[in-house]
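Respectively, the protein sequence lines represent chains A and B. With the working numbering applied, the first sequence has no gaps in its numbers, which climb one by one up to 542 at the end. With the working numbering applied, the second sequence has no gaps in its numbers, which climb one by one up to 434 at the end.
Derived by calculation from the structure, the hints in this document are not laboratory data. For clarity, every value in this text was computed on a predicted model and none was experimentally measured. Please note that a few of the clues may not be correct.
What the hints assert, rightly or not - Label pairs and their calculated CB-CB ranges:
1. A:40 to B:363: 34 to 42 Å
2. B:160 to A:180: 48 to 56 Å
3. A:14 to B:39: 50 to 58 Å
4. B:160 to A:184: 35 to 43 Å
Where a beta carbon is used, it is the ideal one built from N, C-alpha and C, also for glycine.
Below are the chains, spelled out letter by letter.
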Amino acid sequence: MPTLKIDGKEVWVEPGTNVLEAAKKLGIEIPHYCYHPALKVAGSCRMCLVEIEGMPKLQISCHTKAADGMVVWTNTEKVRKARQAVLEFLLVDHPLDCPVCDQAGECYLQIYYMEHGLYKSRLRENKIKKEKAKPIGKHIILDQERCILCSRCVRFTREVTKTFELGIFNRGNRSVVDLYPGISELQNRYQGNLADICPVGALTDRNFRFQTRVWYLQQAKSICPGCSRGCNIEVDYNISREYKAGGRRIPRIRPRHNPKVNGYWMCDDGRYGYKYVDALDRILLPRRLDEGEPVELSWPAAYTMAADLLSEATKEGADKVGVLLSAKMTNEELFAARKLFSSLGVSRIGFRVEPKEPGYEDDLLIKADKNPNTKGAELLELGLGAGKSDVSALLDAAEAGEVDTVVIFNEDLSKSSEAERAEAVLPKLGRVIYVGTNWNATAAKADLVLPMATFVEQEGTFTNFEGRVQRFWKAVEPLGESRTGLSILAGLATALGLEPVSENAEEVFAELAEQVPAFFRGSATRNLVSTGNWLRARLGRR
Amino acid sequence: MPQVKVLTEFFDVPDSHKIDVWEKHGGYQAIRKVLKSMTPDEVIEEVKRSKLRGLGGAGFPTGVKWGFVPKDSEKPKYLVVNADEGEPGTFKDRHVIMNIPHSLLEGMMIASYAIGAHVAYIYIRGEYVHPARRLEEAIAEAKAKGYLGKGIFGTDYDLEVYIHRGAGAYICGEETALLNSLEGKKGWPRLKPPFPATVGAFQSPTVVNNVETLSYVPHIIARGADWFASLSEGTERCGGTRIFSVSGHVKRPGVYEAPLHTTLREIVYDFAGGIRGDKKLKAVIPGGSSCPVLKADEIDVRMCFDDLAKAGTMAGSGGVIVMDEDTCMFDTLRNIIHFYAHESCGQCTPCRQGTGWLVRIFDRIAEGRGMPGDVDNILEIAQNIMGRTICPLGDAAAMPVISFVTKFREEFEYHVREGRCDLEDRKQRVAMAS
């Protein structure tokens, strides 16, 4: 293990580690632009120059391997001068249009200039004109004038997506990042990451562009519910300026680094798939159908009605009730729902909904299963044991007259492989209760609809496809009168006179971990660090 | 001081580029000797003892460079000839190729044998159309005689030589940019380490040598390292001769071969015949446009690598650019910086932005819009480029700027202040006085 001294402090690192990373280990930040831990070293920005004893010239710390006995200084006069010079050079042709640039506030030209800048412009010349506001992909817009040619984006398309759309063209200070000739736009499903890795405002996100200033945003750690990968994400929410971003509370979602799940990346489907949380079709109030006419309800009335419907049904026989949970629900919600419905004697509790068409999958991040918690539901031993589609089993039972009451949690059957049959069968049933976030064809026909919170409005855990239990935190309050799944189940339990259900996800998880052997015994949610916990089941030590 | 001719001796021989003429003058004997009686290590040792240094500009000892190629590597090894002669003021490689292409080919054979390469490339600048053709003809001649290809000279040693023509970028004369270009990539210099000797062309050990450097090798082998080393007297770490390209305000511009203890004054006044129109000398750039300039009183310096370094400049590629008293240093430097800004590859920040910025400052001053502080800014920008770039192009741009501005500061101040050249003013004053 090489042991080296950085700014007088000793640190040992793995062989092959560069000086920049070694310094990071000591909490010393060496400013840099082109270096990105997930990409090959380019060594071109020259911002990370440091002084190494015994070497006459300053060395770039991203390309210098830490060696035993190395003595590095990251903040000497010489180094500071070099950084100042690089920043001055970078700004020679930078348009300095910060007031209209979306990157402002999280731009590394600004951030480093605050600390290392010259604060005295010596430029008296005109800046070079290049192409501005050029859409280069469905989600990305390019400003060549703001670009500092760090080549991160080029390397991303070469090394991560391997789609090779971007290159640097021309020479000297006429150099520009652009699409290769013959390519009209970015063709990869991960282009949102380009806006993330661009250290300046050259590549910005068309979804986020001009929506809000980044300093109005707060962050909540979360898990992407877009597929069973469970990419770790940061939910950027704005509650201080309600009029921004067209009233959307969540203007954007960004990947959160987790080396074991998603690295630094996330896919575009996940990144832009959250918009339903602020959509106009959110269910905001409980509602029942009175002779086909919608009537809005208060929550107490809704709970009473739901309890009545369920009691009536179970009186005829608990077999008559079918419950369709969802693999989009958290482990806690699934566990609480299983407990509640089991205590009513209901045994038909499924969750599998087969999509009309199989989902897209690749070998980078995207999984075909578009539900975040299929594994969790499986470990809770839910399901009707009828293969891929619990919906089919329920519809079979309904057609056979064995079931006349169904409770559907957040699954639009009109988008499932059983769309036609569901459309025919559901209206014939005696009672249909729908608990969900957004209006859809299934919710519209339900006798009672209860508004549920989305993933950004609650906390909980999802179990990803490899059995990793990952916690996410709440960003914003549930919209309108919607309530979290746990809260709804707790209200139902009370209305039905059953054992109370906790509304607190952490308490429910503690109970779940106690009772379900597949989950790590004794692990409470507070122990689930951002990397998630492996399940004992996966480790084979049940 | 007479010229000492090793390579240029053949320049005057009619049809010296033809293989028969070349062989009549002792050509292809050294390679026969090498293949028959020398091991690769002995060849490397011999070249080391000859004190031959890289004549493309860096002056790295050639034998030492060959010795860096790992013996135990399973990868193929390559020899690459850098014929991308682009340094302004340098034109000796063109003459070598046009006159004695077989000397280069024989040198390549010996070098390839020494490093264990069976494929060698000649990367020649695209503008050298005739030299490229001449090389093609020479290769065809050698092939026809069985000197190239499978089992050359009846031994079991194979060697193929390919010509790759560049597309006109100065940066591709930098060895790693050259390798990228050779591989079909953009001509961007690579980060070092790894150096080409371990990871070069196609990720394999590679030696990149200049045309002139390799052309000396057959003569070293034929006549002995000691003979070559002794050609330069009193120069400890360099031996032999080199070809100087002399251009500018001299009576007889051209290529002159001389030992390295020759002084710059001898080259300018003896070989090149002194200053045109018998004017006064103002300044000389001794090794191509990227080398710091020397003032008229600084030219009593020997042309060996170490002495020129001590004098604060470089031996570079041997391109001696001579400027007489009527030369405007501002215009000259403006021309040079335009060149480097145009040729900067744009990969790393200081060179890309620094050269581009300098050009705009020089142009502004030339337009008569100089501002106080411009000269200091020019100096500081150049110093901020110096030593902080991936490849030497940054230094190559910064060094002339620093040396010109430091040594002729008054002229630059005058341009900034008055918006015109003091030479013109001086001429006017002289005219008015008479």
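For this structure, which hints from the list above don't hold up?
Of the numbered hints, 2 and 3 do not hold.
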